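2 protein chains.
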Amino acid sequence: MPVEIKPKVHNFSAGPCVLPQQVFQQAAQAVLDWDGSGLSILEVSHRSKPFVEVMEKTRALAKELLGAPDHYQVVFLGGGASMGFHMVPQNFMKVGGKGAYANTGTWAKRAIKEAQLLGNATVVGSSEDKNFNYIPKGFSVPNDADYFHFTSNNTIYGTQYKAFPKSPVPLICDMSSDIYSRPVNVADFAMIYAGAQKNMGPAGATMYLFDPNALGKTGRTLSPMMDLANHAAKESMYNTPPVFPVYVIMLTLEWLKHNGGVAAAEKRNQAKADLLYNAIDRLPIFQGVTAKEDRSAMNATFLLKNSALEPAFDEQWKAAGISGIRGHRSVGGYRASMYNALPLESVQALVDVMEEFAKKNG
Amino acid sequence: MPVEIKPKVHNFSAGPCVLPQQVFQQAAQAVLDWDGSGLSILEVSHRSKPFVEVMEKTRALAKELLGAPDHYQVVFLGGGASMGFHMVPQNFMKVGGKGAYANTGTWAKRAIKEAQLLGNATVVGSSEDKNFNYIPKGFSVPNDADYFHFTSNNTIYGTQYKAFPKSPVPLICDMSSDIYSRPVNVADFAMIYAGAQKNMGPAGATMYLFDPNALGKTGRTLSPMMDLANHAAKESMYNTPPVFPVYVIMLTLEWLKHNGGVAAAEKRNQAKADLLYNAIDRLPIFQGVTAKEDRSAMNATFLLKNSALEPAFDEQWKAAGISGIRGHRSVGGYRASMYNALPLESVQALVDVMEEFAKKNG
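Chains A and B are the protein sequences, given in the same order.
Residue numbers for the first sequence follow the working numbering, beginning at 61 and rising by one.
Residue numbers for the second sequence follow the working numbering, beginning at 61 and rising by one.
The hints are simulated quantities; they were obtained by calculation from the structure and are not laboratory data.
Do not rely on the hints blindly, as some may be mistaken.
Identical chains blur together in the list; that is why a pair holds if it fits in one copy or across any two.
As the list claims (entries may be wrong) - Straight-line distance between alpha carbons at most 20 Å, and here's what the computed EDC-like set of lysine to aspartate or glutamate pairs gives:
no.	residue 1	residue 2
1	Lys378	Asp93
2	Lys378	Asp95
3	Lys352	Glu188
These figures come from a predicted structure and were not determined experimentally.
Build the full structure now, drawing on both the sequences and the hints.
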């Protein structure tokens, strides 16, 4: 591993987002001349031996880092998690069947909409009554649903499941914004899927990690492009994969492995989240947006109690080299995204600005 | 524009393939620090002003370089042209309707298969009788088809339409392997689509250029991810786009514009094709695979008449720094792909090897 390089900007972007600086260096080198081949990673055939090795290594690391059961399959496809919302009912909903969903915000709703287009979707739990500022609990999933789908972390609102819901039917999770941030018992899930552009890599690839035994039960005739079993049988190379995004995912997962894997990531992420949420709670001019027990370690949402102070606060954090903390328009205020690659120092820089601002404006 | 830099390897790969060396330099710099922002292009939000500008510029260049009518729309999506095969019937085939197809090889067949899954596909012309070594001509397209689909260039076999077929119904073309290689009258087409990874950029994005008036006529309820009108309405940002592939497409299209656009590209491509095909015809140990009038300017397929000479020939071209000319398994022999960014010098290097080899083994 190269020596750790500090980022020039404190990048709190909600995604695409900060990745390890080492990964940027390695990726830039590969764009110029990949491993001394004289070729750019952007011009190599996806069927060439070196890239086939990248794909295999990426797929293996993806499973290894989550401790996935051996028989689970993993593929990396284009289209984003939004395509995943469509793939879920395509691959798991029986013809005339139904999917059960928890509605925890914008992305969950998009997933529900896709299921409604193909069949029936039943919403078994929702936090829409309070603009999704908490995680619904205590709901039960009907036995006759084909699957139960939930969103483990809600980027826009800043909520996160701390314990995963129990389900009598196959469990499917969109983990786009907190995958690889903490240990997960993969065997509990029929499928976990995630857009790469938070903890895994750049935009342009989506991971599908699934139990192949959970597939092929719908009675649906699938397009080969929609068929996860087809993509798995072709080792994620049914058609040209997103070569460079997959390569950067490999680099990012290697970085994670060299830094202690998901268990160590969880500790670092908790330390960052504690630092920021403590400041939000301690400084009287700020307030958190979400229920405390459901606070996301990835995306902390908070407000200035007096929103008239926002322009002055914005000036301060921008001057401190902080980027990307304006809240999503559907929540307002601020959102600090603290994905795996964001250093603790960046959170400290934000907390320093908040403290100084609170002192002046308290 | 930076000074032209010569590639270190003569990269004849069928795709992903050679791109301009300047593009590799610019892309590598952007991975390290994009335009002096202190951020990598891989970590910027797709909603940030600089990236929204990239997307808009890329969409504008895509139309400008082909002289597309003003009202045409262009979007860049993940999934590859194989997803395009699926999008075509989704967006253009009426419920209970049919698509007409020309069958010119592997990719055409995959497109036909997708149409068959959603409705009816009628094959109006085919060259399957001769392993796709020519372009079918003189066929007629039925008036009651919802569209006619063809593949302008067949990467595997080395055939290319020199004149586009006439059609009484909306014309749809998969131009993945020769887009931006020559002028095209876009107004003749309801849609042109193309995977980026030949003349446009790296793998991971697919361009859809279409007449919006041709959409919305199917009676089909589409998933928002399948709906080209939705993607166009959202300016190719309905969901997170493949950020880096789109950025490299912008760089590649800028390079093309600075180098005279598609008219100049066509001249350069014809000069390269003439140089190679002349050698194939002149040197008695070699022979072309396809009908002469249908020879692709992008992918030249040829054989050694005595296949026992292949190992010796392979040694020679590899020693000359040539890469990627082994033919596809379904044709055998050799395939030299000469996309826009391949310099004439690379073709000359191959011809030199062929001549020397012919002299020794003639």
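These are the hints, each one checked on the structure:
Taking CA atoms no more than 20 Å apart as the test, Lys378 paired with Asp93 passes between copies only; the shortest distance there is 18 Å, against 36 Å inside one copy. For the identical chains of this complex, Lys378 and Asp95 are inter-copy neighbours only, at 18 Å across copies versus 38 Å inside a copy, given an alpha-carbon limit of 20 Å. When the C-alpha separation of Lys352 and Glu188 is checked against a cutoff of 20 Å, the pair qualifies only within one copy, where the shortest distance is 17 Å, while the shortest distance between copies is 65 Å.
When the structure is compared with the earlier hints, no violation turns up for any of them.
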